[in-house]
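Take full-length UniProt numbering: the last position of the sequence shown gets the number 184, and nothing is skipped along the way.
Rather than coming from a laboratory, the hints here were simulated on the basis of the structure. Any given hint might turn out to be false.
[To be verified] Quick list of the computed label-pair ranges, beta carbon to beta carbon:
#1 THR24 x TRP108: 22 to 32 Å
#2 GLU47 x ILE138: 20 to 30 Å
#3 LEU141 x TRP108: 31 to 41 Å
#4 ARG122 x ALA158: 29 to 39 Å
Keep in mind it's a predicted model, so treat the numbers as computed, not measured. Glycine residues also receive a C-beta, built at the ideal position from the N, C-alpha and C atoms.
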Amino acid sequence: MSRPAATRTTERTGADPRFRFPHTSEPTRCRLIPQAFDCANGDRTDEAAERRLELARKECARCPVAAGCLLWALVNESAARVGIWAATTPRERTQLRKRIADRLGPDWVELLAAQGQARRERAAEARTAPLTIDQARIVRLDSDVNGPMPRPRALSPARQQRNRNRLVAGVRSSRPAKTLAEVS
């Protein structure tokens, strides 16, 4: 099964307009090699499909827009029924939706849309509204007492790998465990 790269970004039938598809200036691997991210539910029977799935997960782990991609795929279930989105399979996304609904309630999409709108409004206000006198004093005092903000340190390759392993372990722990009969 193959789909053109445009399918992933332009043909979003039924997509919720409150959640924008994440964009980046750099071409992502899912746009460059979309066939690697095609995976239907019953598509994991052979070794080649498993390798393709692992490749897609590794590429998603490096993607700068993976978090936005996952949110978009979770919210737009009908548009993301097939394929790997943010290193998750359709079955894993269904499990995540159920867990989110258990945690936030059945109207979790509305809640996330309201939070996103509030975040965008605060960001727009911060760009246009100057700090109050009290806020400016606090910022200046903080700078005087604590010094300048330290620059974020780049993660070492070992630290990046450890973070990736934790992410994979978290995704695997959300999968149902195999019974003894299935293993043998």
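Each hint tested on the structure:
1. THR24 x TRP108: 22 to 32 Å: holds, 26 Å
2. GLU47 x ILE138: 20 to 30 Å: violated, 59 Å
3. LEU141 x TRP108: 31 to 41 Å: holds, 40 Å
4. ARG122 x ALA158: 29 to 39 Å: Because 36 Å falls inside the window, the suggested range holds.
The structure is inconsistent with hint 2 alone, although it conforms to all the rest.
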